[in-house]
Structure formats: structure tokens, C-alpha cells
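There are 2 protein chains.
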Amino acid sequence: MMQWISDSNILIVGLGLMGGSYARALKRLGFRVTAVSRSQSSIDYALAEEIIDAGAATPDPALIGSADAVILCLYPGVLLDWLEENQRFLKPGALLTDVTGVKSCVVYDVQDLLRPDLEFIASHPMAGREVSGVANSDASIFQGANFLITPTERNSDAAIDWCEGLGRLLGCRQISVVTPEEHDEMIGFVSQLTHCIAVALMTCKNDPMLSRFTGDSFRDLTRIAHINDEMWSELLLRNKSALLREMDAFAAEFQALRDLISAEDREGIRGKMRTSTTRRDRFNLPNNGTED
Amino acid sequence: MMQWISDSNILIVGLGLMGGSYARALKRLGFRVTAVSRSQSSIDYALAEEIIDAGAATPDPALIGSADAVILCLYPGVLLDWLEENQRFLKPGALLTDVTGVKSCVVYDVQDLLRPDLEFIASHPMAGREVSGVANSDASIFQGANFLITPTERNSDAAIDWCEGLGRLLGCRQISVVTPEEHDEMIGFVSQLTHCIAVALMTCKNDPMLSRFTGDSFRDLTRIAHINDEMWSELLLRNKSALLREMDAFAAEFQALRDLISAEDREGIRGKMRTSTTRRDRFNLPNNGTED
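Residue numbers (my numbering), protein chains in the order written: chain A, 789 to 1080; chain B, 789 to 1080.
Rather than coming from a laboratory, the hints here were simulated on the basis of the structure. Just to be clear, a hint being listed does not mean it is correct.
Stated by the list, open to error - Below, simulated DSS-like cross-link-like pairs (lysine-lysine); rule was C-alpha separation at most 25 Å, straight line:
#1 K879/B with K815/B
#2 K993/B with K1028/A
#3 K815/A with K879/A
#4 K1028/B with K993/A
Since this is a predicted model, take the numbers as computed values, not measurements.
Bound-form chain A, shown alone:
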């Protein structure tokens, strides 16, 4: 089983924001980092910036075959295709992980497809930026972030430990091991629902004078309304049933608050606010895994 020793070869597949951020973080730690990407300009940029040691915009058997570990930084829709075409080049015993924001629709299919002498252990760093591309990549996005590992029955303890090591090397603070289904439910809530709210808040009113009235609260709630529509539409649709449940639960609660306001039920409103304050405070406790 591959260990995190500094002469390891790490192959990044897909050199966008996340791939670039992994490459920067791992290169800084002394690993040999290579990359394959559809985009020659991303490879050129990463070589010029010394984010990677070698790279190719075509599937390069020697490059792929030299990897001890592979980090798949692809959209879910092309991840399976890439493996189908290129897993034949991988070194026996190589370990693979990913960064995908949805899990149950990816993990089982990948494990079904994979050669028996390879192991795929899925993970998801809860880190990102509202901009995309390798030029915006940043090793610091992982600092203090949550890191989720979603093994199945097919995964070995050694692979889970290896993946935990990756999270720690990146600087993630809290690392959790959950099932793909638990992951998708929680991600539907904390990540996908929040993006839907931000988008709807930005599209529900069009006032060119808006920026004269905004305070921090509106800016905070709409930061993620600047969104990569190609990636996010795919993520939302691949987690549709969990996301719709979370959207409906939020909409019902929002309506309940609206009805309290409409009824001028001040004590009811204050009760909701006290609950929200108490729950939000949990995030500020020292040992809960967030930096906020």
C-alpha cells in the first residue's frame, strides 16, 4: 500500500481550480507531481508556474504509469470515461481518490469499473472558490477545511488511512468518514441548497441600484451566486433527490417564518432567532472543526 513518502509520484487528472490547488499543495510538500489535462494551456501554465514537474495534454502512458497515487479532479460526467480509457496504463497497486462533490452516483460505478489491482477511495475536500481554472488555484483553500472520506465495503482500512493522511497533508482540520449516502444528504444541505439560495436571491430582483444599498449580509449571501454553471448544474442534477428534499425543507421553514411575520407573532419570530443563534454558535466553539 502506497505511503505518503516524499519520493511518491502523484498524478493529478484534470487541471482546473481543484486540480491546480492539489498540485500546488503537494508540490510544496516535496512530492513529485504530474498532471494530465485536456487543456494544453493549463499544462503550460502549471509548468511555467512550477506547480507540476511534468504534464501532458494527451493520455501519456509513461506519465500515467509512473503514478503511485492518482487524484481525479474531473467533473463526475467525465471521470468514468477517463478511467475506462486510461486505467490500463496505471501501475498495479496504485491508489486513486477524487474531489467530486457528489458521491453515491460516482463511487459505486468507479469501483465496479476498476481493475482489481487498483483501489479507489472517494473523498471530498470542503474547499473551493467562486472562480475556476488553474490560474485561480490556491493551496491555502484546504487550510482548516473539512475533509470527507466516503468508503464502501470494498475499501481497505489501509486505503482509508492513506486518504486521511492526504487530508492531513493538505492542512484540513476535521476529517470525517461517512457513507456516500450520508455525504450526499449533508452536501445537499450545506453546499447545494446554499448555492440554490444564493442564485435565487440574485435572480429574484433586478435593480441596477442594488450595490448602493448592500451591506455585508447581502454580499455574504450572494458571494457564491457567482457560480460555474457547467459544473454546478451537473452536481445538482446528480444529487437531485437529496437536494429536492433539502430545498423543500428549507422552503417550508422559510414559509413558517413568513407566516409568523405576517401574523405579527413577535415571540414566535424571536424563538426562531434564538434557535438560529444557538445553533450558529456551535460553529464558533473551539473544537468543532471550523475556523470561523
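Place chain B on chain A using the hints.
Positioned in the frame of chain A, the structure of chain B alone reads:
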């Protein structure tokens, strides 16, 4: 008409987060700053920290009578009461402003009540923090913030200019003059609706493991879910009709996005996301008055 000259006496009425922040900012600029507050401990704190030059926890006729300008930092419900009891002590020609987050339910009543030799020009700095009290006050909250002035037909141009000067002294970047009604509609949207969304997001699901899954997006959207329930319940109810309109518009748009996801209308979802991205980008343009 009072000018912004450094031997001016500024009286802060109400020494909470906002009153304390005004006091700090104006004292630093060299003004003589005094305060009245119901809380002796707030006065003691502000004196010990040298945030104010003098203060009293009882209505002190001499202190109130020495003010050239008054900044009313009270909740809307007690603002009128304070004026009713204490305006008799004010110096003829004194100028008054406030910080209140709702305007049409306050401005006209104050102007109806006020002695004819005083002038009240309403304003609202779009600044704050999710914590309260003078101990959390901070002069830097005004830096780069939006500042709204909401005159009525009764206000003089000189008072509007004076109020604009206050906004500039505080370090606010964009100062806008709008009617109380325009103010309330926009504040219902950018401030009150966003707080309702944050509260509903925090109260719609209770999972003690939540903090293990959160990324920046969830933390951003719920920062303001830590909320002063006494103040905010009052603000929401005093702007009820405008707020309910904004809540309904948001809920309808959120439902429309939900329906696109349910129908797996990927192009429809991407269209909403592109609109939200374009609109959010306006905030990042150099001359639009935000620092984000």
C-alpha cells in the same frame, strides 16, 4: 446650521454596538463626544476605554443641552419616547440623525413630534456586526460601507449636506439620498430578507454533526443567523408589508429553480446561474461602491 468643525459637541443617545462605533469614530476625529444610555455599565465602559468624553445613565439636562448634534442610536420603539421626554433640553438649532434600519415608520413621526427649532435628518449606515453591545463596537465597520440618507420635504438642503458630511467622516464610500419608502423597500430586500433566509437555513435542520460538513458557503450564508432577536424582530415587524413582498418574490424564484431541477432542465438551471453570475459581478466592478 451646525458644521463639522472639531469643537462640535456630539451626543450619542444609546450606547450599544452602533452608538459605541459612532462614538469611537467621531472621538478619533477630534470631536467632543458625549453619551446618554440606560446602562451605567455601558457608560462606565465607554469612559474607561476613552470612547466618550462624558456620559450619564440618567437624562442629564446639561449634557443633553450642550450637544450641537445628536445621533440617536436607539431601537425604533424607544426613539420617539426618548425624544418626547428629552427634546426640551436640546439646544435650539441642534441637528439630529439616527441609525435606524427602518425609515417610513420612524421619520415622519419624529418630524411631527420635534420642536420647530430642531431638525431631524434620518440616515442609515449599512454597517453592523452579528454581535451587540458597546464592548463589540468598532469604528472600522463604516469603512467602505454604504450610507443612506432619507430626507422628507421638511428637511433643508443644509441638513442633507451635513448628514452627507457625517457619512464621509465615518469613512463610508457611497452615500445615497433616497425617500424613506425607497429605503424600506430596498432594505426589506438586501438586509431583512437575507436575515430571514439565514435564520430559516439554520432552523430547518438540526444535525449536531453539521459542523463536520460545512464549507465556506454554509458559514457565509449563516453568519447573520447569529442575530439580536430583540432588535431584529422589531425591525422586521415595522417593515412588514415591504418585507413580505420581498420574501414572497424570493420564495417564488426559489420554487422556480426547484422546478427546473425537478424537471432536469439543465439549460434552464444554467440560464439562472449565468444571470446570477452576471449580476453578482456588478458588485466587483471598481466604481460600484462596494469593497468586495
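Against the structure, the hints come out as follows:
1. K879/B with K815/B: 21 Å, holds
2. K993/B with K1028/A: Holds, at roughly 18 Å.
3. K815/A with K879/A: 21 Å, holds
4. K1028/B with K993/A: With a Cα-Cα distance of about 18 Å, the restraint between K1028/B and K993/A holds, given a limit of 25 Å.
This entry satisfies every hint, going by the numbered hints stated previously.
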